[in-house]
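Peer 1: Taken in sequence, the protein lines are chains H and P.
In terms of this note's numbering, the first sequence has 350 at position 308, counting the first letter as 1, and numbering is strictly consecutive.
In terms of this note's numbering, the second sequence has 134 at position 99, counting the first letter as 1, and numbering is strictly consecutive.
Note that these hints are calculated values from the structure, not bench results.
Here a beta-carbon is modelled for each residue, glycine too, at the ideal position from N, C-alpha and C.
Stretch-level coverage of chain H by chain P, calculated; a stretch enters the list once three of its residues show a Cβ under 8 Å from a Cβ in chain P: (1) 187-194; (2) 221-229; (3) 290-302; (4) 385-397; (5) 429-435.
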Amino acid sequence: MTGFTRLTAALGAATALLCAAPALAQAPDQTADGVEVSVPEGFTITPVAQGLGCVRHIAVHEDGTIYGAMMRRSCAAGDGGLVVLRDPDGDGTREATFTGADLQGTGIALYRGRLYYGTDTAIRRYTLDPETGLPAGAGEVIVGGFDEQSQHAVKPIAFDAQGHLYVSVGAPSNACQERMRTPGSPGLDPCPQLDRAGGIWRYDAEATGQRHTTDRRFATGTRNAMGLAYHPGADRLFFASHGRDDLHRLFPDLYTVEQNAELPSEEVHRLVEGGDYGWPYTYYDHEKGRRMVAPEYGGDGETTAEPGRYAEPVATIPGHWAPNDLIVYTAQAFPERYRGGLFIAYHGSWNRAPLPQRGYNVVFVPVSADGERVGAPEVFADGFKGREPLRSPRNAAHRPTGLAIGPDGALYVADDQGGTIWKIAYDR
Amino acid sequence: MTAEGARGAALGAGLALAAGLGVAGLGLAGLSVAGPAQADAAASGRALYETHCQSCHQFDGGGVPNFQPSLLDSVLVAAEPRTLAAYVLQGTADLPDTARAYNNVMPSFRHLSDAEVARLLRYVRGDLAGVDDAEPVTPEAVAEARAGLD
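Required output: the full structure, derived from the provided sequences and hints.
Peer 2: Below, the structure written as structure tokens:
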């Protein structure tokens, strides 16, 4: 019980520090299941597609076409790992076409007019047919040779302004233990998984036939950085990564059920070349405001990690919220305070059981045009889960998992539990 | 508030919520939050489930899409006791990573006693999955499964 009370208190304190958090208005539109998502006053939220299946990351073309990656073909509403949503007659209703029979994945992006798709083992590129908006031809491999792995296998991608492609490669474990998920099992030291995973790699954005190699590792120590995006003013990427879990079950003498529910933090970072973000040796504790030594590496829940060795987070969010995507708001349609800021889609927790599950929302982190954080993170869109309290993710109506900005400056949010895409616009 | 001040304050405090959201005010009403169960010999099947299985398979055994399978409609849960016990004792953590269909691994539970595994699996089969247990899981069946592993 104490952990829960602590969170409430911490949230209360943080709310008081908030200078100008906008009040939330009731959403005018809702999905077919009647779930209402709340957004700040002045904004509207409208579903633009429903029932797509497990749509993951999305990208919006300058002509308004939405491209979505499907994580598993088996859960797509149509046949294929790519969904293309177009409105050819301009009546405001987008029609969905499923294509890409050989594809399944999460990463997707448009770059210099072409579509990039991150399957679990390769980043592929397709030219687009200007008539239909569909991929033309078989596409080509930009980077291949990623290891097959069952855990954290998805390959989110992003581009900078200098012609680089960034690929986040998740670690194939929770905490690099000698015996995975086994109570008390120590961590491998050094963790061999970091050679080819658990980091962010940088490749040429356009050269075909590149192979995944340790030499191209740009930063290390990210367990599963699913949200990454380029901030033009800062001229670097920001990312949000999934922290480890299972602290109580693995180390019941060191962590209570309540601590397990809140810890460790879900971290948001600025990406720097050569940076070490701490997994698996450490984790961040937002209640203490410190980076801690992981219990697999001799930590006891109290020991602080070596100072200066690991990057400090830009923001921290309570445990297990599961950041599945991050974008920088680079458009002009939202009010001034949102420009240059970060939107992060939280898929929602499962590892808080038996406490109620949290996350299942879109958070905004105020960041200035030059990339400095200028305010506390705030929940921007909420109510996706459709019930309160939520005890199991299975019972959530929707789980936010992808974000994109449209040519109209609107924010699009994708959900892989129900397959909805919403548009959030600012209407004054 | 300066940028520096805002960062320091909010980093310590965690996450600020937009006003009116009410998430922080949520109570645990209607939830039976069991404390960490005692994993001693006398622990009930339910307490053992809550200690060792619930965090992954969830309170109702329904699992988490893509991460942990449901135990409710599982052929394995309804299988012959030795088959089920062998699976739970062994887990899947030692299999090659490509042999798994889930974004997580099933730990080995060899450290639990035969009596504990039997009680735990009777709870999973009977109370959670509602399997008509013509052949309940006994400590003897678990012991046989264990002997077959090595």
